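K.L.:
Fit chains S and V to the supplied structure of chain U, relying on the hints for placement.
Residue numbers (this note's numbering), protein chains in the order written: chain U, 581 to 840; chain S, 292 to 585; chain V, 4 to 365.
Since the hints were derived computationally from the structure, they do not count as laboratory data. Quick caveat: nothing in here was measured; it's all calculated off a predicted structure. Don't take each hint at face value.
Which residues of chain U face chain S? A partial, calculated answer using Cβ under 7 Å [as the list claims (entries may be wrong)]:
hint	residue
1	Val688
2	Ser689
3	Gly691
4	Glu696
5	Met699
6	Gly707
Chain V stretches covered by chain S per the calculated footprint, using a threshold of three residues with CB under 8 Å from any CB of chain S [claimed, not checked]:
hint	segment
7	78–88
8	215–225
9	339–353
Under 10 Å between C-beta atoms, here's a sample of chain V residues computed to sit facing chain S [claimed, not checked]:
hint	residue
10	Ile15
11	Asp323
12	Ala327
The beta carbon of each residue, even a glycine, is placed where N, CA and C say it ideally should be.
Here is how the chains run, residue by residue.
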Amino acid sequence: MNTPTTPLLKASGLCKFYGNRAACRDISFELEPGEVLAIVGESGSGKSTLLNLLSGRLAPDSGRVDYALAPGQMRDLATMSEAERRLLARTDWGFVHQDAREGLRMNVSAGGNIGERLMGIGNRHFGNIRETAQVWLSRVEIDPARVDERPTAFSGGMRQRLQIARNLVTNPRLVFMDEPTGGLDVSVQARLLDMIRALVAEMGLAVVLVTHDLAVARLLSQRILVMKQGEVIESGLTDRVLDDPQAPYTQLLVSSVLAA
Amino acid sequence: MSAYNFAYLDEQTKRMIRRAILKAIAVPGYQVPFASREMPMPYGWGTGGVQVTASILGPDDVLKVIDQGADDTTNAVSIRAFFAKTAGVKTTTATTEATVIQTRHRFPETNLGAHQVLVYQVPIPEPLRFLEPRETETRTLHALAEYGLMHVKLYEDIARHGHIATTYAYPVSVNGRYVMDPSPIPKYDNPRLDDCEALQLFGAGREKRIYAIPPHTKVVSLDFEDHPFEPTKFEHPCALCGSTMSYLDEVVTDDAGGRMFVCSDTDYCETRQREGHIGHLNAAAPQTCPEAAE
Amino acid sequence: MYVAVKGGERAIENAHRLLADKRRGPRDVPELTPAQIDEQLSLAVDRVMSEGSLYDRALAALAIKQARGDLIEAIFLVRAYRTTLPRFGYSHPLDTGAMQVRRRISATYKDLPGGQVLGPTFDYTHRLIDFSLMEQDAVPAPATAPHAAQTAMPRVADIIGSGDMIEASPPDEGAPVSDLTRDPLAFPAPRDLCLQNLARGDEGFLLALGYSTQRGYGRNHPFVGEIRLGEVQVEVEVEGLPFAAPLGAVTLTECQMVNQFVGSKTEAPKFTRGYGLSFGQCERRAMSMALVDRALRAGEFEEERKGPAQDEEFVLSHSDNVQATGFVEHLKLPHYVDFQAELALLREMRGENHASHPEAAE
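Only chain U is shown next, with the shape it has when bound in the complex (with noise of 0.2 Å):
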């Protein structure tokens, strides 16, 4: 575990305010590749404006964030054109929101939905595009079947890993999810945390996973950071950060959990 390799994401001192208020201040931290970091705290801690900054959705005040393009050769995202930004957004990158509809287009049938990057960039073959879409139907866990089928037909479970699919049918190195089982059925968030874990690991993912829920960060992340008030108060391995909480909010944080 300790031979250096060299970061996928690199945050450095990372600031946004929203009037005098910080939604994230100083914020620093690197991201190997295939390392999943969990970003957890309260609801208004700063998580999703930190996720934001992280995937060029939104520019910081102060700081930067670099993207290794390639192993070794970091770029600043902030010194890439818009037309990078958006190829690396739709290839070599996928962001998963907790809600489905804004990252599915649900009036485009399932394979269409996971065809789109691939007539992205470039893939004209129709049969192709159809049974790739099919082939990753399955591996999501919805019958291949259903192919033609639009996102208004499925249920909140599957529209989820349809958008799942939808974002690593290009083979991406990164992948942002936003409370990616917010609002499920805590039976199909249980199925939906099993297929993401497995996904992760077959496919070498790196994923930066904003959650609220230290029972889904537990579950996927190795490495934590525990924001408050847009600052990151608390970070180490998972486990011993669950286990061993330093900072009182990590301490109250953890016990709400077990009382729940």
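P.N.:
Chains S and V only, in chain U's frame:
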């Protein structure tokens, strides 16, 4: 009509439109915004085409106007009369005689030459509009050549119908860069846009856009490798001139389901008939179908 | 038979003659004069001037006559005429504070400097058909104001503004004002362009959008700060003259809407404003415009955009009734080439369907 300038528009406006046209020619398939004027005919009735025609028309030009391929449809008659009145230019129905042809919904059957300009009337210039309603977003997609969405639309057609179900306003890629709406011409006409000798100009008045295909530009209809673009085919020849090489209108002849198919391009059809090509329902043909006579 | 489906020059000509005949109607009924329309259907003239974007009563009245009372058609006639007119220059900004006021009401103050002036309004009439109007009626002369000289009537927004309770008018930086008749609409649109677009927008469209904000599709808690109607001087800079040259007066309706307040930790809360202005007496459109103007400023105040009235691209792209009516009505034009293409595809698809499910076709 002395109260109005030659071809209605004032010279300042024409200069502005010509600048837009030049930019459009320089960047084939790119939609150039222009300050479209109110015209004395309604939006949606060809105000964009009329403004383009007015701006390029000179006193020596010969103008032809077609709608649905025909010179005698009401709107074609009206626009032709407008320019005859405001510009006093010579008008014609013969494709070969015209130097400027304004059209709605068709490419003429007769090949166009380098001395000719084809001006299309365009209702909705944005090929991505029905996939993405926001102008700010569609302009970004064009700027970055992000056209995956366009193929999603075609993908959906095939997934649902087994075909690309777009039969007119079929999107094309121009010069390998911009995806463009060729205006609501039937897809039958799409291959004619490719490597055309004439300059093709597109004017959208209400939407305030001008775009162009310069002569000899590569124009490719979007498709999939395993579902290639196919122009509409007709099973019948033209009932009047017998052509099997033209786009046909279906004319309902009685209330018992009787119908005949005739060329949509009236000049092409009449020229062929004058040259002695006679279709099976033509009055000049040996009398087999009495109802065909007038 | 083939000829019958195609139009012709003579058909158009005859249609025009028939239209002229229908416009005139039975010859034993006296013909309307533009002066009658101007004086007795004056609110129709006001609307045509506003949406036609041309202050010319006589021309608007004539257009209404020519359009057989179809106001959108009349607006179209005025617009198509206006666009051909040369531009000599731009007037100074009109000073509505110096308006010769004929009507002025405020819903935010019971009384205020200059007072409430009801003026000519339908507001408190009972909507009962007045059958006495069937006959020509001798209408008594109106009561005249007790005092001839007009007292000063500061705008209500300025009264509230003097206590810093309401957002100030943006400073005049002398920047050129956008003109959507000379530059194509681009998004995001600055407020001057939005206001110009709304000022010539369709009254029904603005009314429906304004109404929708009241019903919760983008609420902004409006109060009528003030509506004023009256005459305002128009002045224009002429090269070589040391002072601005007066061109005459125009009748305007102005509506200042006072809306929910905004503020932050660093900035004290204050009311916001929506603005409506119209030629002639068009209170409904001035008020609707003010509601929509405020709704469109959602981004400026970091409000969530969730109603159609707050959606700039939606509002500005669909407000113009000349564009809208043209595009809707163009569906009357022949589309048989495209329809034929659809027919051919449909037949082909139904043929395939029949081949694969022959029993379904029974």
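K.L.:
Give me the numbers of the hints this structure contradicts, sorted from smallest to largest.
P.N.:
Number 8 - this is the single hint that the structure violates.
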